[in-house]
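**Student:** If you want this note's numbering, it's the position in the sequence shown, counting the first as 1, plus 6.
Honestly, I wouldn't trust all of these hints.
Straight-line Cα separation of at most 27 Å, BS3-like style, residue types lysine-lysine; simulated pairs [what the hints assert, rightly or not]:
1. Lys193 with Lys255
2. Lys112 with Lys100
3. Lys119 with Lys64
4. Lys361 with Lys119
5. Lys119 with Lys158
No lab work stands behind these hints: they were computed from the structure.
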Amino acid sequence: MKLQYIDVHAFRNIHNQVVSFSPGCNVFYGDNAQGKTNLLEAVFIFATGKSFRTQKWKELIPENELSFWMDCAVTSDKRNQQLKIFYTEKEGKKLHINGVEAENEKEFTTHLKVVIFTPDSLSLVKGTPAQRRNFLDFAISQLRPRYAAYQKEYARLLLQRNAQLKYITRTGFGREMMPVWDEYIAKLFAKMTLYRRSYVDRIKPVAIEKYSLVSENKEHLRLKYLSNVPEDVTEEGELSRYFLQVLKKNLEDDIKNQFTSVGPHRDDLLLFVGGHPAKSFASQGQQRATVLALKLAEGEIFHQDAGYAPLYLFDDIFSELDEKRQKHLMNTMEDKQALLTTCSRHVNPFSEQGKKFFVENGVYTEE
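Model the full structure from these sequences, guided by the hints.
**Tutor:** Take a look at the structure:
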């Protein structure tokens, strides 16, 4: 799978720009606030149907404009796809595949797969458990669309269960409905837990290897999935029964606190560098190396399953990395397509087929 080009009109500060990409590394350099990240954001929207910077699409339209549109071409061994997005605040977004309107966002986003690193990705180390769960959920959903459906249904049921808990607290009625809710939600708890455990088991050795390469074996990375469930509870039916028992046991406390106290929404991915919790002890460089290792491992696992590599979107990737770590990172990416942004004009593509672009005021000039 390769992204051939993108054609962007009135998206943030980008006006009427066509950028043709190399199948290898594409470096975009320039000062801050010139449009480097905007281009990655546009590509990310083709892959996910969402922006990684805002939930309000109207913010993507420049001042004095009423709409934006953009298209791109994605090629693979099996097919060539032309994707187009048109958005107005009045009519919302319209998604087209080869000139035909997509039935839904899910159909549209099956053609381009990405792994993204931005400065905000460092929250994987320093941020909340929810941010680490989001990392797992996004990575698993790209591999297993069924997981995304489970996740969506789980979120809906969790909201409804919590609303029922509040209703019971307020009125004293409704306890008789809880066994019905809990039996169904326990099954989803079990499915999501198995998916996450399996993914962490797969990504763990790859992330450790990638971290060793980036860090020159100076220290070691360790990952652990922290769950409400004992590790020896491994079968789906067994997990479901366990969750059901705990939900029943915790019901009175849940009613009192008005939220569900157990389940995948309470889990975490623990990260250790040199034997110490990365959240508390990792340096800026170690934090960045940890996140890069996770992102590279995410791409590697996807490649193993899908049979092709995803597109890597790396925004300001070299900050806090010394020259040696930068070199090791480049070596790991040599045979992959990547869009890489930097403020330094001295960063060059790490593949023979690479391209380099100077970015200024939303204009991309190939050198």
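**Student:** Given the hint that Lys119 pairs with Lys64, test it: the Cα-Cα distance must not exceed 27 Å.
**Tutor:** holds, 24 Å
**Student:** Next pair to validate is Lys193 with Lys255; report whether the Cα-Cα distance is within 27 Å.
**Tutor:** With Cα atoms ~17 Å apart, Lys193 and Lys255 stay inside 27 Å; holds.
**Student:** For a C-alpha distance cap of 27 Å, please report whether Lys112 and Lys100 respect it.
**Tutor:** Holds. Lys112 to Lys100 sits at ~13 Å (cutoff 27 Å).
**Student:** Between Lys361 and Lys119, does the CA-CA distance stay at or below 27 Å?
**Tutor:** Status holds; Cα separation ~21 Å.
**Student:** Is Lys119 within 27 Å of Lys158, Cα to Cα?
**Tutor:** holds, 20 Å
Comparing the model with each numbered hint stated earlier shows that all of them hold.
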